[in-house]
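Could you slot chains B and C onto chain A? The hints should help.
Protein chains in written order, with my numbering: chain A, 1 to 389; chain B, 1 to 279; chain C, 1 to 185.
In case anyone wonders, no lab produced these hints; they're calculated from the structure.
In silico EDC-like cross-links for lysine to aspartate or glutamate, where the CA-CA straight-line distance does not exceed 20 Å:
#: 1; chain 1: A; residue 1: 334; chain 2: A; residue 2: 285
#: 2; chain 1: C; residue 1: 103; chain 2: C; residue 2: 77
#: 3; chain 1: C; residue 1: 23; chain 2: A; residue 2: 45
#: 4; chain 1: B; residue 1: 48; chain 2: A; residue 2: 212
#: 5; chain 1: A; residue 1: 308; chain 2: A; residue 2: 285
#: 6; chain 1: A; residue 1: 214; chain 2: B; residue 2: 49
#: 7; chain 1: B; residue 1: 17; chain 2: A; residue 2: 244
#: 8; chain 1: A; residue 1: 336; chain 2: A; residue 2: 303
#: 9; chain 1: C; residue 1: 89; chain 2: A; residue 2: 304
#: 10; chain 1: C; residue 1: 23; chain 2: A; residue 2: 13
#: 11; chain 1: A; residue 1: 204; chain 2: A; residue 2: 244
#: 12; chain 1: B; residue 1: 17; chain 2: A; residue 2: 245
#: 13; chain 1: C; residue 1: 82; chain 2: A; residue 2: 370
#: 14; chain 1: B; residue 1: 17; chain 2: A; residue 2: 212
#: 15; chain 1: C; residue 1: 155; chain 2: A; residue 2: 13
#: 16; chain 1: C; residue 1: 23; chain 2: A; residue 2: 48
#: 17; chain 1: B; residue 1: 48; chain 2: A; residue 2: 245
#: 18; chain 1: A; residue 1: 386; chain 2: A; residue 2: 303
#: 19; chain 1: A; residue 1: 214; chain 2: B; residue 2: 68
#: 20; chain 1: A; residue 1: 204; chain 2: A; residue 2: 245
#: 21; chain 1: B; residue 1: 191; chain 2: B; residue 2: 49
#: 22; chain 1: A; residue 1: 214; chain 2: A; residue 2: 245
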Amino acid sequence: MNVVSAMPAPAADVRLLSGNHACALAATAAGCRFFAGYPITPSSEIAERLSLELPKVDGVFVQMEDEIAAMAAVIGASMGGLKSMTATSGPGFSLKQENLGYAAGAEIPCVIVNVMRGGPSTGMPTRPSQADIMQARWGSHGDYPLIALAPASVREIYDETIRAFDLAELYRTPVVLLYDQVIAQLSETVALGAAHPRGRVERKWASGPAADYKPYAADGDAIPAMPLPGAGYRTHTTGLTHAEDGFPTQNPEAVTRNLSRLFSKLDGRRDAIDSWETIHCEDAEIVIVAIGISARAAMRAIEECRAKGVRAGLFRPVTLWPFPQAALREAAAKAKAVLVPEMNTGQLRLEVERVLAGAPVKGLNLFSGEAIAPAQIAASITALAKEVR
Amino acid sequence: MSIDTAAAFDVTDYLRKQMMPHFLCPGCGHGMALRALLWAIHDLEIDKDALAVVSGIGCAGRLSAYIDANTFHVTHGRPIAYATGLALARPDLHVVVITGDGDCLAIGGNHLIHACRRNLKLTCLMLNNEVYGMTGGQVSPTTSQSRLTTTTPLGNAEPHFDACALATAAGAGFVGREVTRHVPKLKELIKAGLRHEGFAFIEILSDCTEIFGRKNEMGSSPEMMMRQKSELRPSAYRDTVDTPFRANDLPTGILARNDRPEYGAAYRSAAAAARNGAR
Amino acid sequence: MQGARTEIRIGGTGGQGLILCAKMLAAALAADGRRVAQSQTYEPTSRGGFCKADLVVSSGEVDFPLATAVDHLVLLDQLAVKPSWPLLKEGALVIADERLCPKLPPGDDSRHHLPISRTALELGSERVANMVALGALVALSGICARGRIEEAVRKATPRGFLHLNLDALAAGFSIAAEPIPAAAS
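If we strip away everything but chain A, and leave its shape as in the complex, we get:
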């Protein structure tokens, strides 16, 4: 029999938490006071936890009749002034795209969690995937900007959920939190006490005389102040293309001005929105670009390769959309080749190829419903290093 370990007592705030529960707890910490959802594996634990947590803080949880209604109710509650969220997985994320587009166009803050499972269609409900990367960016029709965050650990889900609310509220935009089934249902020891006390962000509310107020007129910062119903502004919000007064227009100049502002709102704030992690990229001959569980497999693979003399590094986008392209270009500047391991047929690789136009980019694609193992990535790194040396 082995010797029983005698570890010191742990810090009081360390707890064992699943990714989905971390998301739910972070939401209330961020000030979320409304959740509407519909049961779907593997995201239901977020709804279940919030059905318990929200009443404690005078918030509202409602299970709607379908995924579409859940997204609509979230936008309705946000228009009413509450920080609001929904959570779903692949099939539900498809259904949410209709109203997600409304939130983007009408600039209604909200957070949408998509736990990625195997697809297409019903796919593999209990197996992980990373195949909604492009859908997260382009899922709804028309041109619109949006933010998507891709945490890779339970602790990071907590932090990024809070950041998702902050970004949604500050910039009046939908924010998608995108993570795979592995991270969602993984339980990890996390020290929440050490989390930064964020989530006290308030959206820019309209103030001043109602007569002069135009709901989509933005001053220099491209972010229009939002009217709180009941505060005397009595404005119109529509999914039709609208002018600064909020009413529908098809005036080419007004249409162009509005959509341009929508994009400039996020483009002008890349310093605040972009977020990434690099490990050993300084001297890396092979740079790996990965998110979620694939990035964590890469971390282990990199250690193994370095021990054998192959200099590999990791670039991990935490903000996935808009893609942190400047940071990737810098991280991969000296690399001889780039490897993109992902649980799909090559979605992240498409973006990496765009950003690093001309550079040798190779994919490692697993879409069997299993997570990519560190050994698989290590083997690809080794083979790639031989090719480019």
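Quick look at chains B and C alone, frame taken from chain A:
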């Protein structure tokens, strides 16, 4: 405005003048429905700042833009779902949904039946003109059998929905039907709906003269209204439930009423009890 | 970047009970100040089919949280052998139910065929086989102190089942302490 009996009511007090003239066709009944709603708001002394109107897509959906209140013109079929979020977030607001027969019964049918079941306080006005007018006159779930539309060139072969029977069966706390021709009666029905503590569903029989009427050679707007009159029968809702798909025999007035608990209040009181450890 | 890594797998069929056991062990290890990552795969329905729960235990941050080289393997059904055996480390601890998982491939592992399900049946419910296995696992691996796992079981068990679970856990410690049959050692 001389036809108003309540002298104090001036519809222009409740309209966004910058949106006039409106875009409704000559003879369309929707304007009368709008007038009845605003008159009911006036009679009940509901503060415009405390009024939220959520509308869907279609001719009826466009009405919200004309109302001087907090107005939300949302996606096709979803106004009830948006309004559910808004009303749960803001129980201090009067939330009114304006929807059409296609918006409410076809693409949004699921939201309607569950709103009836959930019984959250909302006032839902479904303007039924038997057709998709905005998109050019296609068949809708309430188009009568044999009618011609742009997608039923041989005559509509499908039976139509009885929306009030549907709402009643789904458990709506308040169900009523009225025609645009009787504005004062319609106003009183809407007032009763607005006062109801729960989900109130009101079907307003409107007329689409320009598209549906013309296609079916139903004559002018007054002639369409007279035809409606011959088809209506104020009566108890029991008949509606027993024979939900009977054509040409539609009861009007308050058709169903129950006192099931209002969802928002029930949720908040359960939450407060849990917070106080009284579970 | 991470400290010494220990990997544990509990494999069997069904799901909820087995996963709950893994969560109890994870809670015990977390209470010990260890970094733990606990994962599982299961079939879409709640019952039946191969199911596993994995723990990765470390004194520092866990980079890759899924099992790659298993130190301690518990096998509660023959079904669990095939998908788990390739991950086994050299000299790993293997605990298998003698009745439901009789056949193990050859290897240099330290294997213990124990009467897990029989003991559970003797206690009155085959459903506590997971708890018996948990007791045996903690006893044979020494992964944490007996008091820690008892504390975790107490916290996670509904009151009506507490005695049964604690008895099953204790029985697991007992069968682990009995001499290992020569053929298996």
